[in-house]
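In order, the protein sequences belong to chains R and C.
First residue of the first sequence? That's 1 in this note's numbering, and the numbers climb one at a time after it.
First residue of the second sequence? That's 1 in this note's numbering, and the numbers climb one at a time after it.
Among the hints, a few may not be true.
[Unchecked claim] Covered stretches of chain C (chain R as the covering partner; in silico rule of three or more C-beta atoms under 8 Å from a C-beta of chain R):
id: 1; stretch: 158 to 168
id: 2; stretch: 253 to 267
id: 3; stretch: 295 to 304
[Unchecked claim] DSSO-like, lysine-lysine: derived pairs with alpha carbons at most 30 Å apart:
id: 4; chain 1: R; residue 1: K429; chain 2: C; residue 2: K160
id: 5; chain 1: C; residue 1: K48; chain 2: C; residue 2: K102
id: 6; chain 1: R; residue 1: K391; chain 2: C; residue 2: K548
id: 7; chain 1: C; residue 1: K102; chain 2: R; residue 2: K423
id: 8; chain 1: R; residue 1: K45; chain 2: C; residue 2: K36
[What the hints assert, rightly or not] Reference listing, derived: stretches of chain C covered by chain R, where coverage requires no fewer than 3 residues with Cβ under 8 Å from a Cβ of chain R:
id: 9; stretch: 367 to 376
id: 10; stretch: 527 to 540
Simulated from the structure, these hints should not be mistaken for lab results.
The beta-carbon is built from N, C-alpha and C at its ideal position, and this holds for glycine as well.
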Amino acid sequence: MSEKAFQRIYTKLTAITKATVSLEAQGVANDELAIVAGRLAQVVKIKDKTVTLQVFGGTEDIPTNAEVTFFGEPPTLNVSDDLAGRFFNAYGEPIDGGPAVEGEKRQIGGPSVNPYKRRMPSELIPTGIAGIDLNNTLVSGQKIPFFADPDQPYNKVMSMVALRADVDKIILGGMGLSNDDYLFFKNEFESAGALHKIISFVNTTDQPPVERLLIPDMALTAAEYFAVDKNEKVLVLLTDMTLYADALSIVSNRMDQIPSKDSMPGSLYSDLAKIYEKAVQLPDGGSITIIAVTTLNDGDITHAIPDNTGYITEGQLFLRADADSGKVIIDPFRSLSRLKQHVQNKKTREDHSAVMNTSVRLYADAANAKTKLENGFDLSDYDLRCLDYAKEYATRLLAIDVNIPITEMLDTAWELFGKYFTKAETGLKEKLIEKYWKAVDK
Amino acid sequence: MTTGKVTGIIANLVTVEVNGPVAQNEICFIDLNGVKLMAEVIKVNGNKASVQVFESTRGLQIGDAVEFQGYMLEVTLGPGLLSSNFDGLQNNLATMEGVFLKRGEYTKALDEEKLWDFTPLAKSGDQVIAADWLGEVKEGWLPHKIMVPFSFEGTYTVKKVAEAGQYKITDTIAVLTNADGEDVNVTMTQKWPVKVAVGGYVEKPRPFKVMETGVRTIDTLNPIAEGGTGFIPGPFGCGKTVLQHALAEQADADVIIMAACGERANEVVEIFTEFPELKDKHTGRSLMERTIIICNTSNMPVAAREASVYTAMTLGEYYRAMGMKVLLLADSTSRWAQALREMSNRLEELPGQDGFPVDLSAIISNFYARAGYVKLNNGQSGSITFIGTVSPAGGNLKEPVTESTKKAARCFYGLSQNRADKKRYPAVDPVDSYSKYLEYPEIIEYLDNKIEKGWVDKVTKTKYIIRKGKDAYEQINILGDDGVPMLYHEQYWKSELVDFVILQQDAFDDIDGCSPLERQKFMLDLILEICDKSFKFNNFEECTAYFKGLINICRQMNYSEYKSEQFEKYLGQLKEELKHE
Numbered sequence: 001m002s003e004k005a006f007q008r009i010y011t012k013l014t015a016i017t018k019a020t021v022s023l024e025a026q027g028v029a030n031d032e033l034a035i036v037a038g039r040l041a042q043v044v045k046i047k048d049k050t051v052t053l054q055v056f057g058g059t060e061d062i063p064t065n066a067e068v069t070f071f072g073e074p075p076t077l078n079v080s081d082d083l084a085g086r087f088f089n090a091y092g093e094p095i096d097g098g099p100a101v102e103g104e105k106r107q108i109g110g111p112s113v114n115p116y117k118r119r120m121p122s123e124l125i126p127t128g129i130a131g132i133d134l135n136n137t138l139v140s141g142q143k144i145p146f147f148a149d150p151d152q153p154y155n156k157v158m159s160m161v162a163l164r165a166d167v168d169k170i171i172l173g174g175m176g177l178s179n180d181d182y183l184f185f186k187n188e189f190e191s192a193g194a195l196h197k198i199i200s201f202v203n204t205t206d207q208p209p210v211e212r213l214l215i216p217d218m219a220l221t222a223a224e225y226f227a228v229d230k231n232e233k234v235l236v237l238l239t240d241m242t243l244y245a246d247a248l249s250i251v252s253n254r255m256d257q258i259p260s261k262d263s264m265p266g267s268l269y270s271d272l273a274k275i276y277e278k279a280v281q282l283p284d285g286g287s288i289t290i291i292a293v294t295t296l297n298d299g300d301i302t303h304a305i306p307d308n309t310g311y312i313t314e315g316q317l318f319l320r321a322d323a324d325s326g327k328v329i330i331d332p333f334r335s336l337s338r339l340k341q342h343v344q345n346k347k348t349r350e351d352h353s354a355v356m357n358t359s360v361r362l363y364a365d366a367a368n369a370k371t372k373l374e375n376g377f378d379l380s381d382y383d384l385r386c387l388d389y390a391k392e393y394a395t396r397l398l399a400i401d402v403n404i405p406i407t408e409m410l411d412t413a414w415e416l417f418g419k420y421f422t423k424a425e426t427g428l429k430e431k432l433i434e435k436y437w438k439a440v441d442k
Numbered sequence: 001m002t003t004g005k006v007t008g009i010i011a012n013l014v015t016v017e018v019n020g021p022v023a024q025n026e027i028c029f030i031d032l033n034g035v036k037l038m039a040e041v042i043k044v045n046g047n048k049a050s051v052q053v054f055e056s057t058r059g060l061q062i063g064d065a066v067e068f069q070g071y072m073l074e075v076t077l078g079p080g081l082l083s084s085n086f087d088g089l090q091n092n093l094a095t096m097e098g099v100f101l102k103r104g105e106y107t108k109a110l111d112e113e114k115l116w117d118f119t120p121l122a123k124s125g126d127q128v129i130a131a132d133w134l135g136e137v138k139e140g141w142l143p144h145k146i147m148v149p150f151s152f153e154g155t156y157t158v159k160k161v162a163e164a165g166q167y168k169i170t171d172t173i174a175v176l177t178n179a180d181g182e183d184v185n186v187t188m189t190q191k192w193p194v195k196v197a198v199g200g201y202v203e204k205p206r207p208f209k210v211m212e213t214g215v216r217t218i219d220t221l222n223p224i225a226e227g228g229t230g231f232i233p234g235p236f237g238c239g240k241t242v243l244q245h246a247l248a249e250q251a252d253a254d255v256i257i258m259a260a261c262g263e264r265a266n267e268v269v270e271i272f273t274e275f276p277e278l279k280d281k282h283t284g285r286s287l288m289e290r291t292i293i294i295c296n297t298s299n300m301p302v303a304a305r306e307a308s309v310y311t312a313m314t315l316g317e318y319y320r321a322m323g324m325k326v327l328l329l330a331d332s333t334s335r336w337a338q339a340l341r342e343m344s345n346r347l348e349e350l351p352g353q354d355g356f357p358v359d360l361s362a363i364i365s366n367f368y369a370r371a372g373y374v375k376l377n378n379g380q381s382g383s384i385t386f387i388g389t390v391s392p393a394g395g396n397l398k399e400p401v402t403e404s405t406k407k408a409a410r411c412f413y414g415l416s417q418n419r420a421d422k423k424r425y426p427a428v429d430p431v432d433s434y435s436k437y438l439e440y441p442e443i444i445e446y447l448d449n450k451i452e453k454g455w456v457d458k459v460t461k462t463k464y465i466i467r468k469g470k471d472a473y474e475q476i477n478i479l480g481d482d483g484v485p486m487l488y489h490e491q492y493w494k495s496e497l498v499d500f501v502i503l504q505q506d507a508f509d510d511i512d513g514c515s516p517l518e519r520q521k522f523m524l525d526l527i528l529e530i531c532d533k534s535f536k537f538n539n540f541e542e543c544t545a546y547f548k549g550l551i552n553i554c555r556q557m558n559y560s561e562y563k564s565e566q567f568e569k570y571l572g573q574l575k576e577e578l579k580h581e
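Sequences are here, hints too, so could you generate the full structure?
This is the structure we're talking about:
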């Protein structure tokens with residue numbers, strides 16, 4: 001962040017809050033960056049001569065006579081192919097010891113794609129995880145979060161998905177990552193030999209929370225460079241969006257805005273949508289797919305953050321610890337991929353959607369049987385078979401440690417149908433049963 | 001014209017010091033290094049006007065010049081609107097350059113070069129008033145009327161109407177003489193401010209016809225009137241979008257206007273990718289030919305989101321004045337309300353419940369009131385049927401937008417998380433949902449004639465069966481299968497029969513997806529006939545198995561072409577089954 005000649009320097013702050021400072025200045029533009037006592041800040045409000053700046057690094061020990069220098073432009077990122085394989089902080093500065101990236105300077109948080117120029121997402125992204133590929137198929141250009149409690153291994157699952165996905169670039173936006181998780185991602189990427197296609201923007205928990213607000217825009221500006229300029233398939237990982245939203249609420253609170261539900265700013269929906277809607281299938285083949293993490297408070301999806309997210313994203317993947325199988329599974333009931341019908345049976349085998357629906361329905365019957373058991377009612381033979389099926393279904397298909405191709409997932413499901421049920425009980429179409437039914441010794 | 005200078009900026013709220021008169025809701029342009037940003041006046045205090053900018057205000061500075069325009073936010077009306085994709089300010093998205101939306105790029109809504117085949121309807125000497133028809137052009141297959149501009153006051157005499165022939169929308173097609181003897185030229189295009197309701201009709205009677213949608217849970221159980229209003233609240237993932245698309249595809253309307261208001265861009269892509277391929281079930285023409293998309297997706301500027309619903313309504317009113325049946329769908333009105341909240345917040349107004357502006361309820365009712373069935377000056381009629389979706393926070397219906405909309409809309413189609421979890425689609429809750437139109441004597445009479453005498457009584461009876469079934473189900477859950485009398489099982493399974501055969505409908509199936517009224521009547525009669533029977537089962541397992549069998553046959557009927565051989569075969573099977581008890 002070099003300084004230019006003739007920059008005006010101010011040294012008289014008129015107000016300081018925990019996240020903002022105000023001063024009298026002239027010729028200042030909205031959204032422009034500045035340095036306040038060596039810390040990066042951005043203009044968020046101008047009223048007559050008074051300019052209010054949001055200080056990303058927090059305002060601790062900033063004195064009223066702090067030096068303020070304006071940059072004359074909003075936050076930018078230098079984009080070029082040299083971004084690949086690098087690690088950056090929230091300001092786009094290298095943190096891997098390497099040199100600064102040369103390239104075209106682009107403003108972050110730029111305009112949105114004309115909806116009319118978009119194409120319908122229709123390319124399958126296989127991950128090897130049956131809870132995703134079989135039940136909630138990912139499509140390029142989709143935006144989908146993991147909903148998970150903080151104790152679940154969401155970062156592990158996400159890095160697995162990323163490394164298995166057939167994409168040209170993977171961009172990690174880490175917000176409030178613990179240092180351990182940051183190193184975990186770094187190690188995973190290195191040991192997979194995938195560093196050359198990975199770009200990371202990371203804000204760790206030991207850094208100021210407000211800095212996080214820059215991460216998604218940085219990551220997506222880099223993503224747009226590769227997807228739009230280079231027609232590449234880009235996968236963006238954002239973790240953890242709940243911490244991002246928390247940072248938003250801190251800033252809006254300091255600016256005396258009236259909070260809405262769960263003390264979140266009233267603009268939460270628009271703020272999140274601006275990020276997620278960057279997911280796109282472009283006409284020339286490039287695409288941006290966003291997989292995010294939204295941590296939940298004890299599974300509560302009615303909280304403003306997961307609730308607004310659910311209205312924006314194209315489905316959600318729900319992680320849950322399954323007591324029967326002792327594994328972390330992708331919950332087939334609460335998870336959803338809104339774009340799955342664009343690839344199922346079209347880019348995958350003809351029996352895909354039928355097998356998916358039947359296996360989930362039988363799993364639901366098992367859940368009913370379980371309730372009956374808990375309430376002390378007698379179980380029928382069918383109920384007992386459902387329970388056995390559920391355990392094996394969870395272990396062999398829903399568990400996140402499964403890594404098999406989609407056809408094998410389908411074959412496994414047919415094997416389970418044959419093992420526990422009669423043809424009529426599955427309610428599958430005659431035509432499919434003739435072709436795929438597997439008789440198994442019971 | 002009044003000009004001004006920027007004196008304050010917070011996000012998209014800009015304060016402007018003005019040097020002359022400004023009007024509330026007047027449009028102005030702010031000059032940002034040569035790029036003109038459109039904005040609307042939303043508050044005036046002394047010589048300071050607060051304006052909401054329809055674009056990002058990044059880079060704006062104190063002192064930037066502002067030019068006021070002397071008019072409110074308006075839309076351009078004329079032939080060529082159908083099958084267009086507009087943004088909330090009526091810019092044509094298809095004619096914009098580049099992949100990204102550029103700030104300050106405004107495109108013309110209509111093609112001014114295209115020639116239209118004009119046929120005159122009025123003749124010299126006719127006395128006309130605003131909205132009277134002067135001629136028509138064929139827009140797709142629809143007769144698009146060229147009208148006396150809505151803004152004309154008083155009576156005019158037609159001096160001359162252009163001969164039949166090809167004209168551009170900007171060509172003069174008529175000369176009218178006003179009361180003072182002055183001549184005025186009329187073209188095929190006119191402008192109208194979106195926040196002002198279009199008049200041009202003599203009366204707005206209570207709706208008295210039903211609009212057929214092909215969706216059983218609506219048509220059979222809670223029908224919407226032509227010119228009526230309804231809303232669909234529901235948590236995410238409950239099928240709001242699928243239901244809206246079904247309505248857009250199947251409803252018995254001439255023109256469909258879809259306002260994608262703060263929703264996902266991919267959903268809009270789905271519409272303009274699929275609609276040109278889909279056939280209108282009533283005319284056999286491409287669905288896109290009767291559709292207008294107003295698209296302000298969630299990542300587009302918030303202020304334009306507020307404008308988008310008004311733009312959509314105004315276009316609806318324009319087609320209504322031509323005597324057409326318009327269906328207007330807005331998804332979602334909650335995003336519109338949130339846009340109002342963001343602005344009210346920045347204006348530092350005292351907030352109402354959940355931070356929404358205190359006049360939210362009034363704004364919503366005012367908007368819903370623009371829908372309706374109207375009698376035109378020439379004795380013809382037109383209508384706007386409006387259905388909005390609401391996205392209640394956390395799926396909780398006790399929130400200001402749902403509550404305010406409930407006061408304004410006459411039909412309530414509540415989507416239930418519970419039904420969606422069980423994959424019972426459409427997930428419209430049969431117990432909580434209602435249509436106030438079923439209480440209208442006009443509607444009851446209309447249904448008596450259209451379907452059969454006493455139809456509404458049958459509907460009421462069906463709802464009773466569903467409620468009884470729900471009660472029985474709760475008892476069974478508490479007391480266990482063996483702990484309740486057999487009658488409870490029978491009641492429960494009768495309601496399941498209604499649920500599976502009438503309420504549930506596979507929107508993705510070519511046949512089941514759209515069910516015409518005649519077919520709906522046939523199936524309801526069949527189901528009620530079964531429900532009227534009393535059965536004698538030995539145990540609950542027998543009852544369960546028996547009804548599961550009936551449900552399966554009836555569902556196969558739903559999937560078969562109406563009255564086809566296959567359909568009759570299943571019907572035969574059903575009658576056979578019914579003999580057993």
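Against the structure, the hints:
Coverage of the stretch 158 to 168 of chain C by chain R is violated in this model, with 0 residues showing a Cβ closer than 8 Å to a Cβ of that chain against a need of three. Coverage of the stretch 253 to 267 of chain C by chain R holds in this model, with 4 residues showing a Cβ closer than 8 Å to a Cβ of that chain against a need of three. Residues of the stretch 295 to 304 of chain C lying with their CB closer than 8 Å to a CB of chain R number 6, which satisfies the three-residue condition for coverage. Among the hinted pairs, K429(R) with K160(C) is inconsistent with the structure: their alpha-carbon atoms are about 68 Å apart, more than 30 Å.
Between the alpha carbons of K48(C) and K102(C) the distance comes to roughly 29 Å, so the proposed pair stays at or under 30 Å and holds. Between K391(R) and K548(C) the CA atoms are separated by roughly 27 Å; this keeps the pair inside 30 Å, and the hint holds. At most 30 Å may separate the alpha-carbon atoms for a hinted pair to count; K102(C) and K423(R) exceed this at roughly 58 Å. Restraint check for K45(R) and K36(C): the C-alpha separation of about 21 Å stays at or below 30 Å, so the hint holds.
Look at the stretch 367 to 376 of chain C against chain R: 0 of its residues bring a Cβ nearer than 8 Å to a Cβ of that chain, fewer than three, so the hint is violated. Restraint check on the stretch 527 to 540 of chain C versus chain R: 0 residues with Cβ-Cβ distances below 8 Å, three needed, restraint violated.
The earlier numbered hints that this structure contradicts are 1, 4, 7, 9, 10.
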